[in-house]
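Chemist: Given chain A's structure and the hints, the job is docking chain B onto it.
Note that the protein sequences, when read in sequence, are chains A and B.
Under this note's numbering, the first residue of the first sequence carries the number 1, and numbering increases by one thereafter.
Under this note's numbering, the first residue of the second sequence carries the number 361, and numbering increases by one thereafter.
Honestly, I wouldn't trust all of these hints.
[Stated by the list, open to error] Residues from chain B that keep clear of chain A, each with C-beta distances beyond 10 Å, as calculated:
id: 1; residue: K391
id: 2; residue: K416
id: 3; residue: S420
id: 4; residue: S499
id: 5; residue: N506
id: 6; residue: V523
id: 7; residue: T621
id: 8; residue: V628
id: 9; residue: E629
id: 10; residue: Q634
id: 11; residue: D690
[As the list claims (entries may be wrong)] Taking lysine to any residue and the SDA-like style, the derived pairs with C-alpha atoms no more than 20 Å apart in a straight line are:
id: 12; chain 1: B; residue 1: K605; chain 2: A; residue 2: Y84
id: 13; chain 1: B; residue 1: K518; chain 2: B; residue 2: S383
id: 14; chain 1: B; residue 1: K416; chain 2: A; residue 2: Y84
[To be verified] Label-pair distances were calculated between CB atoms; the ranges are:
id: 15; chain 1: B; residue 1: N506; chain 2: A; residue 2: K340; range: 46 to 56 Å
id: 16; chain 1: A; residue 1: N331; chain 2: B; residue 2: G460; range: 52 to 62 Å
id: 17; chain 1: A; residue 1: K90; chain 2: B; residue 2: G460; range: 46 to 56 Å
id: 18; chain 1: A; residue 1: R72; chain 2: B; residue 2: I589; range: 51 to 61 Å
id: 19; chain 1: B; residue 1: R591; chain 2: A; residue 2: A213; range: 49 to 59 Å
id: 20; chain 1: B; residue 1: S394; chain 2: A; residue 2: F223; range: 29 to 39 Å
id: 21; chain 1: A; residue 1: A88; chain 2: B; residue 2: R447; range: 31 to 41 Å
id: 22; chain 1: A; residue 1: R72; chain 2: B; residue 2: N532; range: 32 to 42 Å
Source of the hints: derived by calculation from the structure; they are not laboratory data.
Virtual Cβ for every residue (Gly too), placed ideally from N, Cα, C.
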Amino acid sequence: MDGLQIDTFVFAPLAPILGLLLFWFIQLLFIENQRYMLSKIWHKHEPLCRFTNFLGILYQTICHALGYTVTRSGISDFVISVDYGKVAPKKEKKGVFEWVSNAFLFIGPFFIPSLLLLIYFILLIDSSAFSFPTGHYDSFSSGLQNFGTNLYRFSEKFFVFLSNIDFFNPLHFGFFILLIIVGLGIRPSYIGETKKEKIDMVYDLKNVKNLLADKPLYLLFLFVIAYIVFYISFFLEHGWYVALFSFLGWLSIIAIVSIIITQAIILFIKNTDELPRPWSFLPYIVIPLSYVIMRFALFFYPVDFSNSISLIVMILSTILITFLLLKYKTNKFKTKKNIKKAEEEDDKEEKRKRRRSTKE
Amino acid sequence: MTRKKKEREEDLLRNEHIERMLSPHPLSFMKLQSLCLFLIIWGVFVYWLVNFSDWKSLFSGSEWYPVILWGLILLLVGIAAWLMAVRFSIFILYLGVFAGAVGLIIWQNWEAASSLFILVYSVAASIVGFLIVELYRRSHKYIISNLRIAFKGGIFTKQERTVRYDKITDINAKQGILGQIFGFGTIIPITQAGFGLGSDKSFAAGGVELGGKKAKLFGLAGGGKEVQIPRARSYYELHGIYPYKEIKKLIENLVQDNVITPYQQEQVEFQKQQVDIQKQMRDLLKVQTKTKKERPAAALAKMREEEQEEEEEEEESEEQKEAYEQEQVDIQKQMKNLLKKQLEVKEDSSEEDEEEEEPEEEKKEK
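Excised from the complex, chain A in its bound form:
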């Protein structure tokens, strides 16, 4: 036992909880950013935004229904639409059951879609290479270290997989599609046609705060359970406690990665919207074309990391083409002088055209 007794028995159990909270806040920040970006493209891409709303409501209602199922309240009504979701229990249960079902509603959407993706990921990768989180610890700092190590080990495998993803493999392609779908919907906040009320990160946090403030005893009860589990795993010298929180941390990482990828796609859509037609289609054609060309080229001239190289070439060529189109087909990267020059040239050309037409 290296740590002080007060550290071991009071602060150590808090380490993975704080670590998880940190990740959860990062997740919330990314979600808020995604909500902002989606609201920016709402007018031009209403169907896409409606689809993201539907996904968000779908996850939320499923989580709520799951909450009622876990608490054995039953489900009497289940309605999902693009802008509305409703789950009604068969039996109205009060107390702990109500609290648990509400916890599923507010916190579930942050983790449950990621859980599906994690299961898919575990099935995809070599199961022998996959290791479950472990780590027996006795102090706050070592708890944080173990939590971090578990997350690092998982992140390494996850990012290696992502950087080697093979779009010619239907299972990998399916994983990528699911990753985007999870990223688009992992957002309890609703984006509507009209802003009737402000629904954002603060609103989400308020819901969670209300849930906790409504029944503070239950929160205390949760902490007591957490401490008991920690003491049991500590005395039995097992890493169950940190493993549990590390597992939730994994889900958070998956959610963050999926949101980042989705945000990159939304940013790409937003930029291509600025291009005039038919140039706006070109970046969309470049994505599959560059990847297929690279894959075929590397199939005939094999090198190591062919999947990663193809991915990098695809991403870079798409960025480059989009940048060049934005530079030469829009005024985005032009200074005022350049814009003036371009306008003058346009005027001159118009005058020439008019002269020609009058002569004719």
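Modeler: Below, chain B without anything else, positioned relative to chain A:
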């Protein structure tokens, strides 16, 4: 003026003008398109499974293994769709695709490259399927005019049906998730004749009703429930129209404009009665003028001969006059009663309106 426009204008009735001309949204036939989509995805997956996956050794036993796997799943999906959507045609379609593939492989001896053949065949069949669905979609034309809705369609056999707004009793509107996302939906106008209503039948042991005959494949026991639901073929409903909300409102307004309210019905009855009375009056006047004309002619001819009878005639005409006057008075009384009734009805309706308005005003005040 284009030929199509000319044809359309020739089809119009008197005082009719077109409000909207519509055709289904490209994604509104997603059920059919998803059949093609599944075919393409499954074909690509089988090709990958046989040639590039970790399980490719499983298919090394025979060249027919990929074809069997591909066909088996295809038929299973067909059966599942048949049972779930009660559409036998899906199973027949997949059976036809599978039989076509097997026939081509045997005929051309392509057993050695069966997996590649499956990929190419699936993609080709899907493209053909997509084209047929698109052709089918484009064959639909819905014309909403101020008097009626015309449903036109058919690839080979041209079908047409019109529904007048005054015959529409109910409007059924539905919008799926895809419709909610892309803003399209289906509107079924239900008429008094039952046009726009279909039925769902369920059987005790999973039998499937096929055009009145029960399929005995799974039907161990017959009987069941029949539920009338709004349903029509895509040619007889406004299938997958865009923009859904706008069109729905337009149709509801047009139906509303063509429906006679009870008050209007009463007014029409009064007008009918008025016309009858006026007719009676006209007939009476005709008879009066006729007798007046005839009377002097007869009097001149028989002036001298029948001087003695004059007094008697005068007495008769006075009697006739009295009779006519009596009849006129009766008709006038009828008119008076009718007008009274009309006024009463008007007053009643205005009182009802005031009563309806009052609470609204009270609410506003509150």
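Chemist: Hint by hint, note whether the structure agrees.
Modeler: Results of checking the hints against the structure:
Interface exclusion of K391/B from chain A stands, the closest Cβ pair being 18 Å apart, more than 10 Å. The non-interface label for K416/B is consistent with chain A: the shortest C-beta to C-beta separation is roughly 13 Å, beyond 10 Å. Distance check for S420/B against chain A: the nearest CB is about 20 Å away, which clears 10 Å, and the non-interface claim stands. No beta-carbon of chain A is positioned within 10 Å of the beta-carbon of S499/B; the least distance is around 25 Å.
The Cβ of N506/B lies farther than 10 Å from every Cβ of chain A, with a closest approach of about 30 Å, so its non-interface assignment holds. For V523/B, the non-interface assignment is confirmed: its Cβ lies about 29 Å from the closest Cβ of chain A, beyond the 10 Å cut-off. At roughly 34 Å from the closest C-beta of chain A, the C-beta of T621/B stays outside 10 Å, upholding its exclusion from the interface. The beta carbon of V628/B sits about 43 Å from the closest Cβ of chain A, which is more than 10 Å, so the claim that it is off the interface holds.
Distance to chain A confirms E629/B as a non-interface residue, since its nearest Cβ pair spans about 46 Å, more than 10 Å. At roughly 53 Å from the closest C-beta of chain A, the C-beta of Q634/B stays outside 10 Å, upholding its exclusion from the interface. Even its closest Cβ contact with chain A, about 66 Å, leaves D690/B beyond 10 Å, as expected for a residue assigned away from the interface. This hinted pair checks out: K605/B and Y84/A have alpha carbons roughly 17 Å apart, not beyond 20 Å.
Between the alpha carbons of K518/B and S383/B the distance comes to roughly 15 Å, so the proposed pair stays at or under 20 Å and holds. Taken as a hint, the K416/B and Y84/A pair is broken in the structure, with Cα atoms around 46 Å apart against an allowance of 20 Å. Separated by about 54 Å at the C-beta atoms, N506/B and K340/A satisfy the suggested range of 46 to 56 Å. Hint check: N331/A to G460/B, Cβ distance near 55 Å, so the stated range 52 to 62 Å holds.
Under the hint 46 to 56 Å, the C-beta atoms of K90/A and G460/B, about 50 Å apart, fit the expected range. Roughly 34 Å separates the CB atoms of R72/A and I589/B, a value that falls outside the hinted 51 to 61 Å. At about 51 Å, the CB distance of R591/B to A213/A agrees with the hint of 49 to 59 Å. The hint said 29 to 39 Å for the Cβ distance between S394/B and F223/A, and at roughly 49 Å that hint is violated.
Separation of A88/A from R447/B is about 33 Å and conforms to the stated range, judged on CB atoms against 31 to 41 Å. A hinted range of 32 to 42 Å for the beta carbons of R72/A and N532/B is consistent with their spacing of about 38 Å.
The structure fails hints 14, 18 and 20 (numbered hints given earlier, in ascending order).
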